[in-house]
Structures are given as structure tokens and as C-alpha cells.
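So the sequence lines, in the order shown, correspond to chains A and B. Note that the working numbering has the first sequence beginning at 603, numbered continuously upward. Note that the working numbering has the second sequence beginning at 106, numbered continuously upward.
Hints listed in this document are in silico derivations from the structure and should not be mistaken for laboratory results. A virtual CB, placed ideally from N, CA and C, is assigned to each residue, including glycine. Heads up, some of the hints might be wrong.
Claimed, not checked - Once the Cα atoms are required to be at most 27 Å apart in a straight line, the calculated BS3-like pairs of lysine-lysine come out as:
#	chain 1	residue 1	chain 2	residue 2
1	A	Lys838	A	Lys864
2	B	Lys254	B	Lys196
3	A	Lys818	B	Lys427
4	A	Lys619	B	Lys254
5	B	Lys427	A	Lys840
6	A	Lys840	B	Lys366
7	B	Lys366	A	Lys617
8	B	Lys427	A	Lys845
9	B	Lys254	A	Lys840
What the hints assert, rightly or not - Counterexamples of contact, computed for chain A against chain B with all Cβ distances above 10 Å:
#	residue
10	Thr657
11	Ala754
12	Lys795
13	Leu796
14	Glu829
Said to hold, decoys possible - Some but not every residue of chain A turned toward chain B, in silico, with C-beta under 7 Å:
#	residue
15	Val618
16	Val723
17	Asp724
18	Glu736
19	Pro744
20	Ser764
21	Ala772
22	Leu844
23	Leu853
Here are the chains, one letter per residue:
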Amino acid sequence: MHIIVLAKQVPDIEKVKFLAGSNRVDRKSADAEINPFDLNAVEAAQQMKANLGATVTVLSMGPASAEAVLREAIARDADRGILLTDDAFAGADTLATAYTLAAAIRKLGAFDLILCGEKTVDGDTGQIGPAVAERLGITLLPFVSQITEATADKIVAVIETSAGSLNVEAAFPLLITGTKELNTPRLPTLKDKLRARKAEVEKWTAADLSDADASKFGAAGSPTWVESITVPPEKKRKGEVLKGEGSANQLVAALDKAGLLKG
Amino acid sequence: MQNKDVLIYVEQEGGRVHPIAFELLGKGRELADKTGSRVCCALLGSGIYDAAKELVAYGADVVYVFDDASLATFDSLAHKQNLVTLINEIKPAFVLFGATFTGKALSPRVAATLEAGLNSNCTALELQSDGSLLQARPAFTGNFLAHVKTKSVPALMTVRYRALEAGARNDSRKGEIIKRDVQKVASAIKVLGKGAAKEASIAAADVVVCAGRGLKKADDFAMVKRLADALGGVVGATRPLVDDGWISKDHQVGFSGTIVKPKLYVGVGVSGSPQHLAGMRESGTIVAINSDPSVALFRIADYSVVGDIYEIVPQMIELLKK
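All chains should be modelled from the sequences, with the hints used to inform the complete structure.
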């Protein structure tokens, strides 16, 4: 069984700043970490590997420094880490990113399952999983909150839809995007971390994806672009502080006056 | 002249149109009126024909109806197939989806098939003088706003629920309703059964009363529920309470739960983590009740009540009964 996990390096969103006068993240402003949603995908792969026996490949795209994400996954029992890194991949939007990831997955050959987080905390688009499934022509199970049962050829899972959750079954190959409820990621041990530090992380460039159409990589293959980034203006708030005896009274009166009470 | 038509993917459940479609129609109408183009809707599902008239009343010029049992599925594959065929035929400039579970699973597949640009979770769409569309979307968990453009035709986007205003309903409006042949695509996913039905649609509620860590035990949700009932709202919760199994996930307000924009948000013992704030900071009026005056939620609240939730909330319930 071959499981592929897609993971992304993201900046710590509490601290991130943008370079003045540009739309680029100042990488020095915040520490980088693995996208928290992807940790659930790595954990799910780890559990399936333990239960069923599987080879786990983790795939990421980003600058050379993003290899830290692959080491993090290797510390969590992934067998192989591959980083797609090339100036030609830079500036990719979701269309180009999914195209590039799908090309790399084709090069990897046969697989049973692709796992990724439902979205990232930086871009928050949630597009990559469904777009990669489409590029590869495989079944998509979106918003999986629980893997109930996994065997060598199929999976039973709970997925979230607009109308509530559903219990579904689907045969491999398929792509799953997981929610935060999928599992609770375990922390790697110190020994695992040391092992991961020494592990080899493969780096693939555009030249390694020679079967793909290079014009669809990076900024050149991206039909969308960010014109500007602004800090959203905080809504003006009344900021009234109510304390002590009678504060419930004052609050209810204020809500009534604002027309916010029913009837 | 280049076609500037707007196509809206209409999400529905059992023939009931999701209200995001009316919001998309409100914006679609505005864009089409500015460019002298049409607003078209794609309505896909089973037993849905009657909903088409409602879409006309909300501003659609043309409604393409794909009515077939094979489309009564959550699997985005069949919807993608039919939608892509329609887009290739009518060649709209803009295709709008709701940023719902359905829209988020479907739109990337359509974009990948068409090799078109897709922007997610837009909160504002603004037509530029050159005819392009500037799309604003939150990034970095809502800490920044990215202003994005698209050069592909069509330009695809998903729009957050309650970000735009629905247009006015006018039942005397005229529009064309066109029945389409359906391409049947079998789903490889077998539905074994329904899980827990959604208890609450906190995304659709005008009033959300949200409990946080200040709540001492799961049973105390009964008190939160009484306040929500008295205000005509629904119960929300922060992530720790959901993680502890005190209440189901569909009540969770926040970045990894549901992003809400009610007219009134009441935080009961909510401290206001960044992830929680990202899920409710656009609310109309924000009330925070907490005994700790230093909590982050107070900084964005209209009304900050510094006090014990176990005293304030029962008092409010009593007052609201009158």
C-alpha cells in the first residue's frame, strides 16, 4: 500500500508580516511550521501504516527551507520526503500548484491513497486537494472527519456536507481532505526527531517533471494574482463596559434599543 | 463585445435553495446591470424545477435546470461534468459559487478542468473600469485581506455566506427557464447512511450565543440554550468545548469550525483566541460576558459585561421573559 501525504509549510499566522510595499510575506517576521491541518493527514497516514502496513511518501512544494516540513513528517513515521523546489515553481497560485503536485504524483507512480488537510491557515483556499483529485481523475472524499475503517482496498469514513455528516465507503485510489476532527496528532519522540534530522529529503526541480508542461508551472501558469494586501479595517465598536449591579439590565435595555431583541 | 455574463452555481438541498444563492444573485445582478449582460443560474439536483422561479424572482435572467436523480448526490463529480459542459457552451465571464462544503469541493474541480483561475472565500467583488473584477478575500486566518485579480475567462470565485446582500425578491420579474439534458455520471462513493443531522445552522442564524471555557460543565449548556432561545438565536461553542465532547462540531464557531456573521453575537465566558475571533469578528453587534476584564474578546466587543456568567446570564433570561 502506498499513501501520499500533501503538506505545506506556513508562517506562524499570529506573527506574520508583509514586506513593506510588496505582497510578499516577510519570512523573517514569523517562524515557519507545518500547516496544522496537514498534521492530521500525517497522523492518519501513520495510523494506517501501523495497522495495514504501507509506504508513506510526503510531498511538499516550496522554497528550500520547506524541507523542514518533510523532516517533521519523517519524524512522524513517513518513509520518504520529497520537496518540489525550483524558481520555476515560484509565484504559483492554486491552479499551478495543483498542476505541479499532480505531475509529481504521476512521476511517483502507483498509489492507493492521497491525504491532505482541508485547507491551510495562510491561504485558506482549500482548493489543492479537490484540484489534485481532478487532475489525477480520482475519487475525492472531501471534509473527512473520521476514518471508521480502512482495509487494503477501500475506506469507510464520515464526511461533512452542507446537510450534515454522511457515512460513506469508497475504493482506492482516492484523495481525502481531512478536517481537524480526523484525529489528534501525536508528538514525535526526541529519537524520531534525531532520526529525521539525518534523513534524506529529495529535492525535485522542474527538470525532474519533464513529462509535464513547464508553461503551467509557477507564476507563468497562474491565472490569478494578488494586486495588494491590506490589513482589514477593524469594525468600529461601541466599546461600552458594563460592570456590577444592574449590568444585565443595562445590556438588555441597550439591545432592545438597538432593535436586536425578537418580538 | 466580449461576453460579460455572470453564471451562478445554485446550491440546494432537497429542492430548497441555499440562501447564499440569493446573495450571489444580488451581486450578479449588480455586475450584469453595469455591463449590460445577463445573470444565469445553473440549478442541479433532483426534483428541483420549482426552485427555478424563485431564482428568477431574485434576479436571474436565465435559469438552466439540470433535474435528474443522478444529481441528488453530494459527490461533486456529476455536478462538475454538467457544469463544465454548460460553461463551455455559454462562455460566461464570471462563475460564482458559495464558499460552502459543496462549493468548496466542486469549484476547484471545475477550475482545474477549465484551466481557469479560482479565488476562494471572497467577501467583496468590485467591477473595475477595464471590466475586470477585483476580488477581496481574507488571508492568514483573517489577519489580512488579499485583493486578487484573474486573467482567465471565465474567472471563478467562491463567496462567503453572508458577505454579500441578497437582492430584493420580485415575483413579477420575467426570466427564461431552460431544461437541460443531464449527462449521467456514476459516483464511486457509496453512501452507507446519514450521520448526525446538523443540530444547528450557526452560519445562517441572526443571533449566536456562544459559550467558551468560562462554562464549568457540559450540563450548563442548558443555561446557554435558554439565553439563545430568549434571544431567538442558536447556541455556538468554542473549540475546546467541542474537543471535550460537550457539544457537537456543528456548533463550533471559529476558523476550524464555522465562520459566522450574525446580527448579534453573545460570547458567554469566551476569551477570544485568534482562531475564534477569525470566525466571528464580522458580527453585527458583539456582546462579551466574562469575569476576567483582560480577555481579547472585550477589545472588539460593543458591550463588555464584566461579571460572572452564572449571575449575568440567568438575570438576562429573566429580563428577556418580560
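Hints and how they fare:
A hinted pair counts as satisfied when its Cα atoms are at most 27 Å apart, and Lys838 of chain A with Lys864 of chain A qualifies at roughly 24 Å. Of the supplied pair hints, the one linking Lys254 of chain B and Lys196 of chain B holds, its CA atoms being roughly 19 Å apart against a limit of 27 Å. Between Lys818 of chain A and Lys427 of chain B the CA atoms are separated by roughly 65 Å; this puts the pair beyond 27 Å, and the hint is violated. A C-alpha spacing of about 22 Å is found between Lys619 of chain A and Lys254 of chain B, which places the hinted pair at or below 27 Å, so the restraint holds.
Distance check on the hinted pair: Lys427 of chain B and Lys840 of chain A sit about 26 Å apart at the alpha-carbon level, within 27 Å; holds. The hinted pair formed by Lys840 of chain A and Lys366 of chain B meets the criterion: a straight-line CA distance of about 17 Å does not exceed 27 Å. A hinted pair counts as satisfied when its Cα atoms are at most 27 Å apart, and Lys366 of chain B with Lys617 of chain A qualifies at roughly 25 Å. Simply put, Lys427 of chain B and Lys845 of chain A have alpha-carbon atoms about 22 Å apart, close enough for the 27 Å limit, and the pair holds.
Restraint check for Lys254 of chain B and Lys840 of chain A: not satisfied, since their Cα atoms lie roughly 35 Å apart, outside the 27 Å limit. With a minimum CB-CB distance of about 24 Å to chain B, Thr657 of chain A clears the 10 Å threshold, and the non-interface call stands. For Ala754 of chain A, the non-interface assignment is confirmed: its Cβ lies about 17 Å from the closest Cβ of chain B, beyond the 10 Å cut-off. Every CB of chain B is more than 10 Å from the CB of Lys795 of chain A (nearest about 26 Å), matching its label as outside the interface.
Chain B leaves Leu796 of chain A outside its interface by the beta-carbon criterion, the shortest separation being 31 Å against a cut-off of 10 Å. Against chain B, the non-interface label of Glu829 of chain A is violated: not every CB pair exceeds 10 Å, the least being about 5 Å. About 6 Å separates the beta-carbon of Val618 of chain A from the nearest beta-carbon of chain B, less than 7 Å, and the hint is met. At its closest, the beta carbon of Val723 of chain A sits 5 Å from a beta carbon of chain B; the interface hint therefore holds under the 7 Å criterion.
Interface restraint check: Asp724 of chain A against chain B, minimum CB-CB distance 5 Å, threshold 7 Å, status holds. For Glu736 of chain A, the interface hint holds, since its Cβ comes within 7 Å of a Cβ in chain B; the closest pair sits about 4 Å apart. For Pro744 of chain A, the suggested interface contact is upheld, since its CB lies about 4 Å from the closest CB of chain B, less than 7 Å. Interface hint status for Ser764 of chain A: upheld, as the beta-carbon distance to the closest one in chain B is roughly 5 Å, under 7 Å.
Contact between Ala772 of chain A and chain B, as hinted, is supported at the beta carbon level, the nearest pair being about 5 Å apart and thus within 7 Å. Evaluation of the Leu844 of chain A hint against chain B yields a held restraint, the C-beta minimum of about 5 Å falling below 7 Å. At about 6 Å, the closest approach between the beta carbon of Leu853 of chain A and any beta carbon in chain B falls short of 7 Å, and the interface hint on this residue holds.
In the structure shown, a violation is registered for the earlier hints numbered 3, 9, 14, in ascending order.
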